[in-house]
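Protein chains: 6
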Amino acid sequence: MSHIATASAQAFKQELPYYEPVGNECALFEQAYRQRLPLLLKGPTGCGKTRFVSHMAAKLGRPLFTVSCHDDLTAADLTGRYLLQGGETRWVDGPLTRAVREGGICYLDEVVEARKDVTVVLHPLTDDRRLLPLERTGELLEAPDDFMLVVSYNPGYQHILKSLKPSTRQRFVAMSFDFPPPRVECEIVARESGLAFERCAALVNLAASLRAMKGQDLEEGVSTRLLVYCATLINAGMPILDAACATLVEPLSDDQDVQQGLMEAIKATFG
Amino acid sequence: MSHIATASAQAFKQELPYYEPVGNECALFEQAYRQRLPLLLKGPTGCGKTRFVSHMAAKLGRPLFTVSCHDDLTAADLTGRYLLQGGETRWVDGPLTRAVREGGICYLDEVVEARKDVTVVLHPLTDDRRLLPLERTGELLEAPDDFMLVVSYNPGYQHILKSLKPSTRQRFVAMSFDFPPPRVECEIVARESGLAFERCAALVNLAASLRAMKGQDLEEGVSTRLLVYCATLINAGMPILDAACATLVEPLSDDQDVQQGLMEAIKATFG
Amino acid sequence: MSHIATASAQAFKQELPYYEPVGNECALFEQAYRQRLPLLLKGPTGCGKTRFVSHMAAKLGRPLFTVSCHDDLTAADLTGRYLLQGGETRWVDGPLTRAVREGGICYLDEVVEARKDVTVVLHPLTDDRRLLPLERTGELLEAPDDFMLVVSYNPGYQHILKSLKPSTRQRFVAMSFDFPPPRVECEIVARESGLAFERCAALVNLAASLRAMKGQDLEEGVSTRLLVYCATLINAGMPILDAACATLVEPLSDDQDVQQGLMEAIKATFG
Amino acid sequence: MSHIATASAQAFKQELPYYEPVGNECALFEQAYRQRLPLLLKGPTGCGKTRFVSHMAAKLGRPLFTVSCHDDLTAADLTGRYLLQGGETRWVDGPLTRAVREGGICYLDEVVEARKDVTVVLHPLTDDRRLLPLERTGELLEAPDDFMLVVSYNPGYQHILKSLKPSTRQRFVAMSFDFPPPRVECEIVARESGLAFERCAALVNLAASLRAMKGQDLEEGVSTRLLVYCATLINAGMPILDAACATLVEPLSDDQDVQQGLMEAIKATFG
Amino acid sequence: MSHIATASAQAFKQELPYYEPVGNECALFEQAYRQRLPLLLKGPTGCGKTRFVSHMAAKLGRPLFTVSCHDDLTAADLTGRYLLQGGETRWVDGPLTRAVREGGICYLDEVVEARKDVTVVLHPLTDDRRLLPLERTGELLEAPDDFMLVVSYNPGYQHILKSLKPSTRQRFVAMSFDFPPPRVECEIVARESGLAFERCAALVNLAASLRAMKGQDLEEGVSTRLLVYCATLINAGMPILDAACATLVEPLSDDQDVQQGLMEAIKATFG
Amino acid sequence: MSHIATASAQAFKQELPYYEPVGNECALFEQAYRQRLPLLLKGPTGCGKTRFVSHMAAKLGRPLFTVSCHDDLTAADLTGRYLLQGGETRWVDGPLTRAVREGGICYLDEVVEARKDVTVVLHPLTDDRRLLPLERTGELLEAPDDFMLVVSYNPGYQHILKSLKPSTRQRFVAMSFDFPPPRVECEIVARESGLAFERCAALVNLAASLRAMKGQDLEEGVSTRLLVYCATLINAGMPILDAACATLVEPLSDDQDVQQGLMEAIKATFG
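Protein chains in written order, with the UniProt record's numbering: chain A, 1 to 271; chain B, 1 to 271; chain C, 1 to 271; chain D, 1 to 271; chain E, 1 to 271; chain F, 1 to 271.
Source of the hints: derived by calculation from the structure; they are not laboratory data.
All figures in this text were calculated on a predicted structure; none of them were measured in a lab.
A hint or two may mislead.
Copies of the same chain look alike in the list, so a pair counts if it fits in one copy or across any two.
Claimed, not checked - List of simulated lysine-lysine pairs, DSS-like, C-alpha gap at most 30 Å:
#, residue 1, residue 2
1, 267, 165
2, 116, 42
3, 116, 59
4, 214, 59
5, 267, 42
6, 42, 165
7, 42, 59
Make the full structure from the sequences, and use the hints.
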């Protein structure tokens with residue numbers, strides 16, 4: 001079946017994913033990699049953290065292992081498990097173990113969502129020992145120089161039960177992300193959607209006014225991803241207001257008053 | 001046994017299910033499908049979301065895999081499991097995996113009910129990678145162009161513990177559904193129940209006044225489905241008030257005062 | 001062993017269980033069956049819902065599969081499981097699957113007690129598709145015309161965590177049950193206990209006054225079942241007050257004041 | 001090993017356990033057994049419910065299967081399980097199933113402590129069908145005439161989460177137990193401990209004054225069992241105050257003031 | 001490997017562990033053993049309960065099986081389990097079962113911490129039947145005369161969810177423990193640590209003043225065990241204040257003010 | 001694969017890890033080891049507890065087994081498990097069991113995070129018996145003289161559900177840790193990062209002022225580890241303010257005001 005690929009193949013085959021730097025983030029990522037320090041990315045939904053990590057992985061020529069963390073993710077989901085096959089148990093490495101064995105970048109997206117036993121694997125990997133103990137197999141892996149651990153979370157909607165303990169946080173070099181500045185965001189949207197740059201510029205301007213509404217009625221501002229969706233539908237011939245409603249209004253809120261406020265801002269731009 | 005069919009056979013064998021469009025929903029669904037964007041449907045109980053998805057799946061010629069989500073639904077319920085059979089473990093694809101492999105539409109009804117680990121499969125499938133990692137088998141499936149993910153929920157009775165995180169919501173093109181306008185609803189009820197159009201019109205008028213009671217005493221307004229039930233029983237010869245009581249009153253509330261209010265509205269129309 | 005019978009044998013062998021209709025309930029049940037609509041019964045403890053379903057199943061000549069729902073009942077308890085036997089796993093149908101395969105009536109008593117994943121099997125069975133997907137076996141069963149789903153609950157002691165979601169409720173034709181009118185209840189008690197009709201009449205009169213105490217001090221009024229118990233013990237020669245204490249007082253309350261109130265009402269009738 | 005016996009052997013070998021009737025409890029138990037009605041016993045800790053059931057089981061010549069219920073007791077603990085032995089799964093009947101198959105008395109002590117799925121086995125066994133469905137084996141057992149179900153609980157310390165639902169309670173004939181009257185209790189204590197009747201009488205008098213303190217500072221009054229313990233230690237030569245402290249004070253309370261109050265009452269009798 | 005021993009070997013090989021009686025505790029323990037009554041010990045942390053039980057077990061010549069109870073300890077942890085070994089399941093007795101089979105003393109330390117299903121094994125073992133039913137193996141063990149059950153808990157820090165139900169408590173002969181009187185505690189500390197008696201006397205005096213601070217700022221007073229630790233370090237040559245800080249201050253509290261208060265009391269004695 | 005090493009090999013191969021003593025901690029650790037007493041370390045995140053234990057293990061020539069405790073860590077994670085391999089179950093020792101068998105130091109970092117059943121293994125190991133019972137294998141291991149148990153926790157962010165019970169705490173000799181005094185911390189940072197001593201001195205001065213902000217807005221003060229990270233990046237050529245922002249600001253707080261306060265303190269030193 002042609003659409004099957006292995007996880008590491010995925011990482012190598014990709015050409016350098018497009019990423020437009022905003023500040024010193026590329027230098028900091030590269031230095032952290034060179035000094036074998038783990039990295040923590042903070043920032044809102046859809047501002048480009050995942051894309052940035054893909055870009056850096058390709059630039060550094062390392063395979064990338066991405067894991068979207070969630071309430072039920074355990075250490076075993078990261079390190080691996082014995083599976084029963086043909087009457088025989090066989091150990092299957094998880095994505096973190098593969099990254100350590102093969103020397104790649106393991107990216108744990110929204111790490112605060114994961115269950116607490118992931119600390120058992122993060123702590124020895126993030127001090128000077130850089131070790132990954134696999135109790136089940138009895139192995140103790142030393143991370144090679146080209147292994148790097150990257151984690152991220154969104155400080156905007158953490159709550160008490162979901163936060164990194166200081167004893168875990170203080171093991172990472174950290175940086176904050178935000179939405180890209182307008183010119184950069186225009187280039188991203190134009191490139192991803194195929195819509196003309198000037199038309200994208202109008203969308204990016206609109207995004208700024210929609211993002212200003214955050215905190216009052218909106219949990220999160222509109223993401224770059226949604227701008228790309230909107231531009232894609234417009235480029236496919238959908239009327240602008242229809243496309244904007246389906247991508248910049250409905251995904252952000254269920255509240256009719258908020259939706260109306262968003263729609264008015266859109267009509268003020270495109271109406 | 002003649003009443004056994006496989007899941008994908010189901011999808012193909014059905015002729016185009018009847019669906020009466022109300023706005024631009026068919027165009028938006030089709031564009032989302034063509035642009036490979038995931039879709040989020042919002043709307044009240046029984047307003048026709050499931051029917052709409054069936055209709056579009058048949059129109060686009062794609063098999064449909066529907067999953068009613070619930071409190072205990074996990075990622076493994078969607079992706080698949082190893083089952084022990086004859087002393088041998090065999091991998092059995094879940095409905096989402098089948099939709100990805102076969103190029104079909106996977107519809108997760110009331111997705112907010114599902115457990116949080118479904119995000120681990122939704123996130124990589126809903127960004128530009130369109131990947132479904134199967135950690136258990138070691139496969140990484142790339143979704144073909146004719147795969148589409150559709151999810152739905154009812155904004156009317158979400159609560160704090162049951163909502164989509166912004167980081168998930170902002171991955172979807174979205175649209176709102178409501179009950180169809182009277183003429184369309186009449187046609188639906190007449191067609192499904194076999195009752196004459198004019199008698200259905202009276203039922204639809206009644207529905208409007210019953211729906212107006214929502215929020216005060218009723219959690220949800222009467223659904224199109226219940227109107228079809230009512231018309232079906234009337235068409236089978238049941239007295240109108242008996243049929244209305246069993247389909248438009250008893251299923252909506254256990255409260256005697258509310259039931260009496262509903263019954264009076266019914267008698268005012270049919271008494 | 002002579003007292004072992006299979007579940008379906010049970011359903012067929014029984015002669016028509018005695019049931020005394022009160023209103024249009026038999027007609028409504030039969031029409032719902034004929035129109036292939038699922039049915040929801042609401043009513044207090046011990047008012048005869050289970051007996052009514054047994055009666056209708058026998059009358060319609062269909063096997064009956066009854067399940068008492070509880071806090072830990074899951075979808076798999078209804079649909080079936082793989083069991084390991086002799087080193088080989090074998091699929092064993094649950095009661096719902098058997099009802100679908102064999103064309104019978106499946107009755108889920110106190111359905112609100114069940115766990116939430118039962119909705120995954122109820123939803124596709126209760127819309128126009130009438131499907132039962134068995135993910136574990138890969139089967140998708142179409143319910144035959146002679147399959148019917150009946151569920152019940154007691155609106156008297158639902159609480160917030162235990163109620164049917166509107167999206168589930170609105171899939172059912174529904175009716176309310178209450179205790180039978182005095183003459184009918186007398187006939188039931190006389191027939192079941194063997195006690196003379198006139199002596200049963202006194203018990204039924206007493207029941208009316210005991211039921212009037214509900215809500216003040218009693219969670220539930222005395223059931224028809226307990227009247228039958230009482231009449232049975234009296235018919236076996238037990239003194240009336242002893243029998244009434246053991247069946248109409250002690251099972252209803254642990255509170256001494258309430259017990260005394262009940263006992264006084266009994267003595268006023270029989271003392 | 002000589003001290004191993006099978007569960008049913010236990011029931012048969014025992015001679016009639018000593019039990020001193022107080023009211024009509026023996027007649028009521030016997031009638032419930034003869035009429036095939038399930039029985040509910042209510043009463044405080046250590047007042048003789050378990051002994052009473054043993055006595056009646058022996059008198060009726062039926063094996064007795066006693067289960068102490070607790071927070072984690074499930075239906076499977078009562079009905080049975082498949083156990084893997086020698087690579088082969090073998091079904092092992094639980095105590096309730098054995099009682100149904102062999103025609104015995106199953107006694108569920110403190111039934112309110114059990115998990116809620118026990119209702120799934122209690123309900124069909126306690127209506128006129130008297131059935132025990134074993135879903136795992138596919139059997140449906142009809143209880144023979146000499147099967148009886150007895151359950152008990154202590155109304156003194158039920159709480160909201162631990163109570164029988166009315167739909168379960170109203171399936172039982174019920175009776176209340178209390179501590180035996182003084183003369184009877186003396187006989188019991190003398191017989192069990194070997195201590196002379198007159199010395200037991202003093203202990204029973206003391207018990208009455210200790211029980212009067214219940215509710216103020218004591219959760220439960222002193223049980224007949226503890227009186228037997230006390231008499232046993234006195235009969236073995238222990239000083240009365242030491243024996244009373246170890247059996248009538250320390251087991252009842254950890255509070256020093258309460259202990260002192262109890263001790264003073266004891267010294268007033270024996271000091 | 002020379003430091004491996006079996007559990008029962010442990011019990012027999014030990015010479016009589018040193019224990020200094022304070023009151024009638026040895027006589028009461030022995031009488032409970034002779035009369036086949038279960039025993040409940042109450043008392044603060046580290047006051048010598050475990051040592052007392054070891055002493056009595058050795059004196060009575062019975063093997064001792066000690067279990068430290070905790071939140072997740074279940075009945076199966078006490079009775080035993082089937083373990084899969086070499087493709088074959090084999091039953092492995094738990095410590096309670098071993099004590100019953102071999103005729104020994106089973107000591108459940110801090111029994112209130114255990115899960116509630118332990119009552120299922122405690123109840124039949126603690127009434128006149130003295131039975132241990134092993135449902136999994138189908139055995140019903142009768143405890144031999146030389147079996148004894150001892151349980152303990154600390155009344156000082158019980159809370160609502162963690163207490164013995166009266167129906168369980170009232171099955172035990174009970175006694176309270178406290179720290180030993182000064183002369184006895186001196187002898188214990190001197191014997192265990194090797195430090196001269198007079199230097200131990202100073203420590204025991206100090207302990208009295210530290211224990212007086214309990215309840216105000218300290219959850220628990222200093223235990224005899226910690227006095228032994230302190231004397232051991234002093235005897236090994238550590239400066240007194242260093243030893244006292246590490247054993248009598250740091251283990252008791254994290255609060256700086258409390259620590260300072262303790263340290264001042266220490267300096268007042270030794271400074 | 002060259003970067004695989006076994007757990008015990010790890011412990012032996014390492015040369016003496018650098019550790020700069022502050023007070024009597026080395027003497028106390030060594031005496032506790034010699035006297036076979038378990039040790040409890042208390043102190044804030046990143047102050048060097050783990051490094052200290054590594055240092056002492058190497059100095060005493062004992063293998064070190066470190067376990068980062070977490071919410072889901074159970075006794076079995078420490079003692080071992082049966083694993084199914086090749087159709088055969090094989091016992092695999094956990095890190096605690098290995099330490100006992102091989103005579104090493106087992107270090108449970110943040111022990112209060114572990115589940116409560118770890119007390120079942122800690123208690124018998126921390127009294128004079130020094131035993132490790134392995135119920136699953138039936139072994140009872142006596143700890144050899146060169147086994148030592150060390151545990152730690154951070155008193156700064158314990159909460160009610162996460163604390164050591166007094167009955168556990170009072171089994172340990174204990175000591176408090178804090179950040180090292182400036183000169184020592186400078187040496188550590190210089191040695192670990194390669195940055196010149198004088199430049200490190202400025203960082204350590206800065207740390208003192210940042211730590212003074214703790215309690216007001218910061219959960220934890222900056223750790224020595226983060227100072228090392230900062231010095232490492234500066235030494236690699238990164239601008240000082242960029243390095244400080246990524247290591248001394250972003251890892252400590254997500255709050256913009258707090259970040260600004262930290263940044264101002266940094267600029268005051270280096271700006």
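Within, between, both or neither: residue 267, residue 42 at alpha-carbon 30 Å
between (33 Å within a copy, 23 Å between copies)
Regarding residue 267 and residue 165, is the shortest C-alpha distance of 30 Å or less found within a copy, between copies, in both, or in neither?
between (45 Å within a copy, 27 Å between copies)
Can you tell me if residue 116 and residue 59 fall within 30 Å by alpha carbon in one copy, between copies, both or neither?
neither (32 Å within a copy, 33 Å between copies)
Can you tell me if residue 42 and residue 59 fall within 30 Å by alpha carbon in one copy, between copies, both or neither?
within (21 Å within a copy, 41 Å between copies)
Should residue 42 paired with residue 165 be assigned to within, between, both, or neither, using CA atoms and 30 Å as the limit?
both (15 Å within a copy, 16 Å between copies)
Check residue 214 against residue 59 for me: Cα-Cα at most 30 Å, and say if that holds within a copy, between copies, both or neither.
neither (34 Å within a copy, 39 Å between copies)
Up to 30 Å CA-CA - residue 42 versus residue 116, copy category
Cα proximity of residue 116 and residue 42: in one copy and across copies (19 Å, 21 Å).
When held up to the earlier numbered hints, the structure conflicts with 3, 4 and fits the remainder.
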